[in-house]
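Take the given structure of chain R and dock chains D and F to it, following the hints.
The lines below spell out each chain.
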Amino acid sequence: MQLRDYILRRLLVLPILIIGVSIVVFTLTRVGGSPIGIYLSHEMTPSEVAEIQARFGLDQPVWVQYLQWAKGILQGDFGYSGVAAAPVSDIFPLKLAATMELAVAAGCVALFLGITLGTFAGARRNKLPDHITRIVAVSGASLPQFWFGILLLIVFWAQLGIAPIGRSDATIFASIAHPTGLYTIDAILAGSLTAFWDAVWHLILPALTLGYGATAIIARMMRSALVEELQQDYVDAARAKGLAEKIVLKRHARRNALVPTVTVIGLTFGFLLQGTITIEIIYRWPGLGRWMADSVLRGDQGTLMTYVLFTSVLFLLVNLIVDVVYANLDRRVTLGK
Amino acid sequence: MSEITDSNFDKTAVRDTAFRVRMRRFFGVLQRLTSNPTTVVGLVLIALMLAMAIFAPWITEANTPDAYQMPRDWGAVRKPPGTPGHWLGTTNEGGDVFYGVIWGSRTSLQLSLYVVGSTMVIGTIIGSVAGLVGGWVDEVLMRIVDVFLSIPELIFALAIAAVLGPSFTNIIIALAMVIWVKYARIMRAQVIQIKQNDYVDAARVIGDSKLNIYLKDILPNAVTPVTVQATLDMGNVVLIGATLSFIGLSEAGIAEWGVLVSEGQAGIASGRWWASTFPGLMIFLWALAFNLVGDGLRDALDPRIEGR
Amino acid sequence: MTTIKWRNHLTAALVGGALAFALPLDATAQVNNPGLLVHAADDEPTTLDPAQVEPGEGGETVILQVYDRLLDFGSDSPELIPSLAVEVPSVDNGGISADGLTYTFKLREGVTFHDGTAFSADDVKYSWDRAIEMDLPEGNAGALADVIASSEVVDDMTFSVTLNDPSASFLNSVVTAMVASVVSQDAVEANGGIEAGVPNQYMAGNMVGTGPYKFVTWNRNENLQLEVNDNYWGDNAKLDVRIEIGGDPDVRVLGLRAGEFDTIETDPSFVADIEGADGVTIFKGGLLLEPLHIGMNLNIPEGSLPPEDTISEDFFHDPRIRQAFNHAFDYEAFLNGPLAGYGEFNPHYVPIGLFGHDASAPVYNKQNAAEAERLFREAGVWDEGFSVSVITEEGNLFALMCLVLKDSLERLNPKFRINVLAVAESVFDDAHASNPLEYAMWAKNADPAADPNFYLNAYAHPDGEWGEVHGFGNGYRDAAKIAGLIDSAAIELDPAKRAATYAEIQRELYEDPMWIIGAQEGIVMAHRSWLEGFAMQPLWPRPSLKFSLFDK
Numbered sequence: 000m001q002l003r004d005y006i007l008r009r010l011l012v013l014p015i016l017i018i019g020v021s022i023v024v025f026t027l028t029r030v031g032g033s034p035i036g037i038y039l040s041h042e043m044t045p046s047e048v049a050e051i052q053a054r055f056g057l058d059q060p061v062w063v064q065y066l067q068w069a070k071g072i073l074q075g076d077f078g079y080s081g082v083a084a085a086p087v088s089d090i091f092p093l094k095l096a097a098t099m100e101l102a103v104a105a106g107c108v109a110l111f112l113g114i115t116l117g118t119f120a121g122a123r124r125n126k127l128p129d130h131i132t133r134i135v136a137v138s139g140a141s142l143p144q145f146w147f148g149i150l151l152l153i154v155f156w157a158q159l160g161i162a163p164i165g166r167s168d169a170t171i172f173a174s175i176a177h178p179t180g181l182y183t184i185d186a187i188l189a190g191s192l193t194a195f196w197d198a199v200w201h202l203i204l205p206a207l208t209l210g211y212g213a214t215a216i217i218a219r220m221m222r223s224a225l226v227e228e229l230q231q232d233y234v235d236a237a238r239a240k241g242l243a244e245k246i247v248l249k250r251h252a253r254r255n256a257l258v259p260t261v262t263v264i265g266l267t268f269g270f271l272l273q274g275t276i277t278i279e280i281i282y283r284w285p286g287l288g289r290w291m292a293d294s295v296l297r298g299d300q301g302t303l304m305t306y307v308l309f310t311s312v313l314f315l316l317v318n319l320i321v322d323v324v325y326a327n328l329d330r331r332v333t334l335g336k
Numbered sequence: 000m001s002e003i004t005d006s007n008f009d010k011t012a013v014r015d016t017a018f019r020v021r022m023r024r025f026f027g028v029l030q031r032l033t034s035n036p037t038t039v040v041g042l043v044l045i046a047l048m049l050a051m052a053i054f055a056p057w058i059t060e061a062n063t064p065d066a067y068q069m070p071r072d073w074g075a076v077r078k079p080p081g082t083p084g085h086w087l088g089t090t091n092e093g094g095d096v097f098y099g100v101i102w103g104s105r106t107s108l109q110l111s112l113y114v115v116g117s118t119m120v121i122g123t124i125i126g127s128v129a130g131l132v133g134g135w136v137d138e139v140l141m142r143i144v145d146v147f148l149s150i151p152e153l154i155f156a157l158a159i160a161a162v163l164g165p166s167f168t169n170i171i172i173a174l175a176m177v178i179w180v181k182y183a184r185i186m187r188a189q190v191i192q193i194k195q196n197d198y199v200d201a202a203r204v205i206g207d208s209k210l211n212i213y214l215k216d217i218l219p220n221a222v223t224p225v226t227v228q229a230t231l232d233m234g235n236v237v238l239i240g241a242t243l244s245f246i247g248l249s250e251a252g253i254a255e256w257g258v259l260v261s262e263g264q265a266g267i268a269s270g271r272w273w274a275s276t277f278p279g280l281m282i283f284l285w286a287l288a289f290n291l292v293g294d295g296l297r298d299a300l301d302p303r304i305e306g307r
Numbered sequence: 000m001t002t003i004k005w006r007n008h009l010t011a012a013l014v015g016g017a018l019a020f021a022l023p024l025d026a027t028a029q030v031n032n033p034g035l036l037v038h039a040a041d042d043e044p045t046t047l048d049p050a051q052v053e054p055g056e057g058g059e060t061v062i063l064q065v066y067d068r069l070l071d072f073g074s075d076s077p078e079l080i081p082s083l084a085v086e087v088p089s090v091d092n093g094g095i096s097a098d099g100l101t102y103t104f105k106l107r108e109g110v111t112f113h114d115g116t117a118f119s120a121d122d123v124k125y126s127w128d129r130a131i132e133m134d135l136p137e138g139n140a141g142a143l144a145d146v147i148a149s150s151e152v153v154d155d156m157t158f159s160v161t162l163n164d165p166s167a168s169f170l171n172s173v174v175t176a177m178v179a180s181v182v183s184q185d186a187v188e189a190n191g192g193i194e195a196g197v198p199n200q201y202m203a204g205n206m207v208g209t210g211p212y213k214f215v216t217w218n219r220n221e222n223l224q225l226e227v228n229d230n231y232w233g234d235n236a237k238l239d240v241r242i243e244i245g246g247d248p249d250v251r252v253l254g255l256r257a258g259e260f261d262t263i264e265t266d267p268s269f270v271a272d273i274e275g276a277d278g279v280t281i282f283k284g285g286l287l288l289e290p291l292h293i294g295m296n297l298n299i300p301e302g303s304l305p306p307e308d309t310i311s312e313d314f315f316h317d318p319r320i321r322q323a324f325n326h327a328f329d330y331e332a333f334l335n336g337p338l339a340g341y342g343e344f345n346p347h348y349v350p351i352g353l354f355g356h357d358a359s360a361p362v363y364n365k366q367n368a369a370e371a372e373r374l375f376r377e378a379g380v381w382d383e384g385f386s387v388s389v390i391t392e393e394g395n396l397f398a399l400m401c402l403v404l405k406d407s408l409e410r411l412n413p414k415f416r417i418n419v420l421a422v423a424e425s426v427f428d429d430a431h432a433s434n435p436l437e438y439a440m441w442a443k444n445a446d447p448a449a450d451p452n453f454y455l456n457a458y459a460h461p462d463g464e465w466g467e468v469h470g471f472g473n474g475y476r477d478a479a480k481i482a483g484l485i486d487s488a489a490i491e492l493d494p495a496k497r498a499a500t501y502a503e504i505q506r507e508l509y510e511d512p513m514w515i516i517g518a519q520e521g522i523v524m525a526h527r528s529w530l531e532g533f534a535m536q537p538l539w540p541r542p543s544l545k546f547s548l549f550d551k
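Chains as they are written, first to last, in numbering that gives the first Met the number 0: chain R, 0 to 336; chain D, 0 to 307; chain F, 0 to 551.
Warning: the hint list may mix true and false statements.
[Stated by the list, open to error] Covered stretches of chain D, as calculated for chain F (at least 3 residues, CB under 8 Å):
id: 1; region: 66 to 75
id: 2; region: 90 to 100
id: 3; region: 158 to 167
id: 4; region: 249 to 258
By construction, these hints were calculated from the structure, which means they are not laboratory data.
Keep in mind the model is a prediction, meaning the values are calculated, not measured.
Idealized CB from N, CA, C, for every residue including glycine.
If we strip away everything but chain R, and leave its shape as in the complex, we get (with noise of 0.2 Å):
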């Protein structure tokens, strides 16, 4: 099949998906619980509860909610945050911003580290170093992140004192604009030395917690893409004309092993979206992740459900994007059954 039958393919069945997500999505909200209950206090008679109920328009068949929930979303209307106190589009965009800036960074550690271990490993299959990187990458992966962010916290923040909390000192980020939303971006763009220190100040600590779990992913990935890559032929005819190990290894065998990490970049891209979550809470970093966590507890149903059905569509968007660049730069992978 071509690339862009693929590609067409795909993005057919793309709506057909995010319409059976939002169904998923819809249907939770009306499962358990009840939807309204952050809008709700214990001093409500029934009357009153009523009068809410009607406000958000719960006293109508199920299926007329849905389109009317659906028809909101696409007009851009994602409902109230009862968390927030405020329209969730208005919240959404700042805390977005935030969260894929602490995403972007980790993304970068866990690239890095993934990459080098995995190399590492992978040139001494079944060594010592082999083994002990490898403990080392699961170890990232078996973490209960939050726990370690607290650990993390404990020594650097508590006891030593050198790493902040929140993604920035209030002063110095009303003293910049901040068109972009990226704290970092923003920083550089009115070209204030301070401002940009400060945000990466604040990034270090959690991009490093994040980012350490999704090592493993790359890692794995990497080491075994590199073991293959070095059985293959040419390998063995580059050795024989003598060219040194490190050339070899750096400039043909690593990058032909990087094709493959590409796939599971969507796989990466998933677990640091989740991640957030928890990292957010532990570092007080004012993204999506903490703004869940706070509409889940206080059983906010309705932003719940905005922040379910969009990770979902990113994720569904990020993961069509790598299956194509893959399969573009791998022409040997049939596209499609």
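Using the frame of chain R, we list chains D and F on its own:
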């Protein structure tokens, strides 16, 4: 050449050989497994924790009336490790951390067995049906699977648990609802792939029933990727479950590692590290063990397997 | 009419409790964030609109700083002091009519709103009418609507109110409530006006008041900023304010110790972590007026209990059962454990610190296992045992109280089972708001009020708020007597007679309890030692602080 008929074709002989081949392969895998030091570390850890779970009532006396409730001594709150009677200290509610660590292994074992067990069964059935029946049944089932896979695991489990309400059972349900799709996908792929194999064709030619073929030829061969996934999931499930507990979706006061970390973290900042460090460490070791073994299993079986 | 002297008790509590455990100031410590007060709150406001805010939630404290009311409570005594009204109306000065129905307030001249517009009686009437007309279910409009018959603007600087019935608590419970804050009529009219039953989005996120602080900005989930109002009619505030939102209790504690926060909201269990820290002062003063209680439902609809419950619907009709529960609860475990020793036990149902509290009335304050067993046996449930669920919010003091209840009863008799259903706050609110209630027991605290009548009406009167929902009439040995006592005390203007009635009510309620009251939580506040002017007034909404009093 004599005609091959029902009577002179020895099905059992063929199946016998197939069985012997499989046994040889099995021991080969076992050998490769144990030769890998990291995997051995994992196996040892698993054995230790299983022992902890099984012998819990002998290691520390069960709490009455409910062994899975933390024993609370309101007069001995926030004691540090080394306090007589509370080796690993007590929590903010006077719960014995040591008790929580030991009995938490039971809870984790239950959690992972229930979830992985049920999802393996459900996923296998649905995946097999999709693969065997094919046609529009396959399309519909796989679309549903795709939809479920579009939602990131933790977030999906979070949403379900949030809706069902905080309880241990609900976490099991939420996790099961999220994970079964992986097995469905694996089984379906396996079924389709093996369906096309020669010996299956041979079996069909000689008139073996579809069910028989499925049970004796397809299923055993599909075991491999499912086992790898199940091993990894045994660890993963406890990790996600602990995260859900940390966010606050589990029951208060039960002897479960995730709940203990969550309840114990209020006080970490003031130097009371023990109430959440020890249970957190256990979660880590549990997940590490199963991840190491799962990884090793995957390598030992077939480096080309694509699992998720 | 003489000023009601019930507040002597509260004064005593405040003065007695105001022994700040002062720790030596670190000589080398600099003041962090000079000119700015950073307060770490545990609750984020859901709205900043006085007509929408729910009593007891985070928005009230912001409203306290930014809006004024006609009268207010001083910081060092429970006496009323003038605010936007220049004197406290009384019968003597003609502010209260002879029949006790009409109150006339003389207003302060020269006051301006934060947007520069002038304050007048029109704004007062507008503010109150607005709350009543909007009548938002989540707000506190009932406080005004239930007692006010009419109000009128006599002239620019005079405002009068006529009540439905004479009330001993109008001034200190209604006029000082946050819902009675004065907002700028011009500002509201320019931004959506008044719509019955519909929240005003502008007012929910913006504030135009007359108070010592001006609203600057609200970064959801992060912080809320206020700045000093230089044109304040009273003493100017000295520090700008940033309220940091969210974060776990231990993060707040850490931040306080690190000097990032000047004041924090925390609960008693964290005091152990703060005591002895450099540069931190702990203020232990008095008790919160929000008794922690577990309710018992006498009005359970048929078949509505969770499947694990084995009790019959009229389980709590028997006073012996209710008494037995009260005897079985391990009060000391609750006080020493979750409350870390900060709190006191109090009788049903007049909180310590309020007028009418009789310290000599009998109290449930110690577990009496023998008595509990005797009562349970008499009621016939000892041998069979029972299983009952209690619903509560998760992750806070209420959940811990339920755990103590669970442990208390299960250790008394292994056949007794208490299932603690700890659910998300809003799920609890949802269950709590239904009438009749589908649970046998639930845990929460009482809403704070300045007058005992409020508590008794809501929590003890057979026809009161909870009396109706829980069906107290089904359980009281003599419901009419209790109702009569409460009603007569509500309109009794002679303090001595009133106090005597309340003393009698307390004794009746001891024999016939409708609640298990865990304790009254102690007030524990922690702040940096460089903060001056620190004072707390439990009658102000939580955390009971007026930032305008502080300086660094």
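A quick look at each hint next to the structure:
Counting residues of the region 66 to 75 of chain D whose CB falls under 8 Å from any CB of chain F gives 3; the rule of at least 3 is met. Coverage of a stretch by a chain is defined here by at least three residues with a beta carbon nearer than 8 Å to that chain's beta carbons; for the region 90 to 100 of chain D and chain F the count is 3, and the condition holds. Restraint check on the region 158 to 167 of chain D versus chain F: 3 residues with Cβ-Cβ distances below 8 Å, three needed, restraint holds. Three residues within the 8 Å Cβ limit are the bar, and the region 249 to 258 of chain D against chain F gives 3, so the coverage statement holds.
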